[in-house]
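**Student:** Quick note: the sequence shown, position 128, residue 1500 per our numbering, numbers continuous.
No lab work stands behind these hints: they were computed from the structure. All values reported here derive from a predicted model rather than from experimental measurement. A virtual CB, placed ideally from N, CA and C, is assigned to each residue, including glycine. Be aware that a few hints might be false.
Stated by the list, open to error - Just the calculated beta-carbon pair ranges, DEER-fashion:
1) R1508 - R1531: 16 to 24 Å
2) P1399 - R1419: 17 to 25 Å
3) R1377 - H1527: 36 to 44 Å
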Amino acid sequence: MGVIRFSIRDMQAADADAVAAWRYQPPYDFYDTAADPSSLVEVLDSRRWGHIFFSVFSSSPSSSPESGEVSGGEELAGFLELTARPGDVIEIGLGLRPDLTGRGMGLSFVEACLDFARRRSQPQAFALDVATFNQRARAVYEKAGFVPGDTFWRHLSGRRWEFLRMSRPA
1373 MGVIRFSIRD
1383 MQAADADAVA
1393 AWRYQPPYDF
1403 YDTAADPSSL
1413 VEVLDSRRWG
1423 HIFFSVFSSS
1433 PSSSPESGEV
1443 SGGEELAGFL
1453 ELTARPGDVI
1463 EIGLGLRPDL
1473 TGRGMGLSFV
1483 EACLDFARRR
1493 SQPQAFALDV
1503 ATFNQRARAV
1513 YEKAGFVPGD
1523 TFWRHLSGRR
1533 WEFLRMSRPA
């Protein structure tokens, strides 16, 4: 697969539309942006682009019609959401394009997102929430230095899901 390089930029309308159209395979389909009306509204809200929502591009080519290729050989690979919390904590939300999941690029993706967040705000710590069943993502987050914390329940896509809060020093 070669070296994958990620670059992160302000989200644009075409990127937001692409993210909103992504469909994950079950059981990960509850991550579909369109499945949760509030998530859909957030990602399509242009006032949030470039200060909360960002587009993550990859230099690794893909033949997927979902790729959203842009000039320079880069393609839309994911998104990043950064939310400031008390205590100089940045809560991150991120998503990798469905056809790129499970292909061994998760750690590079997460590290690129953390590096970007550090450059923007110099936080003391990072936090994120992950569905407890999502062992793939949990393993990647642990490799990136996140440690498990409390669990809690959240309603998404008409169902109740258990989540795990994970955190790490910046």
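**Student:** The structure should be examined with respect to each hint, and the outcome stated for every one.
**Tutor:** Results for each hint:
Roughly 20 Å separates the CB atoms of R1508 and R1531, a value that falls within the hinted 16 to 24 Å. Look at P1399 against R1419: about 32 Å separates their beta carbons, and that is not inside 17 to 25 Å. With their beta carbons about 37 Å apart, R1377 and H1527 fall inside the hinted range of 36 to 44 Å.
Of the numbered hints listed earlier, the single one contradicted by the structure is hint 2.
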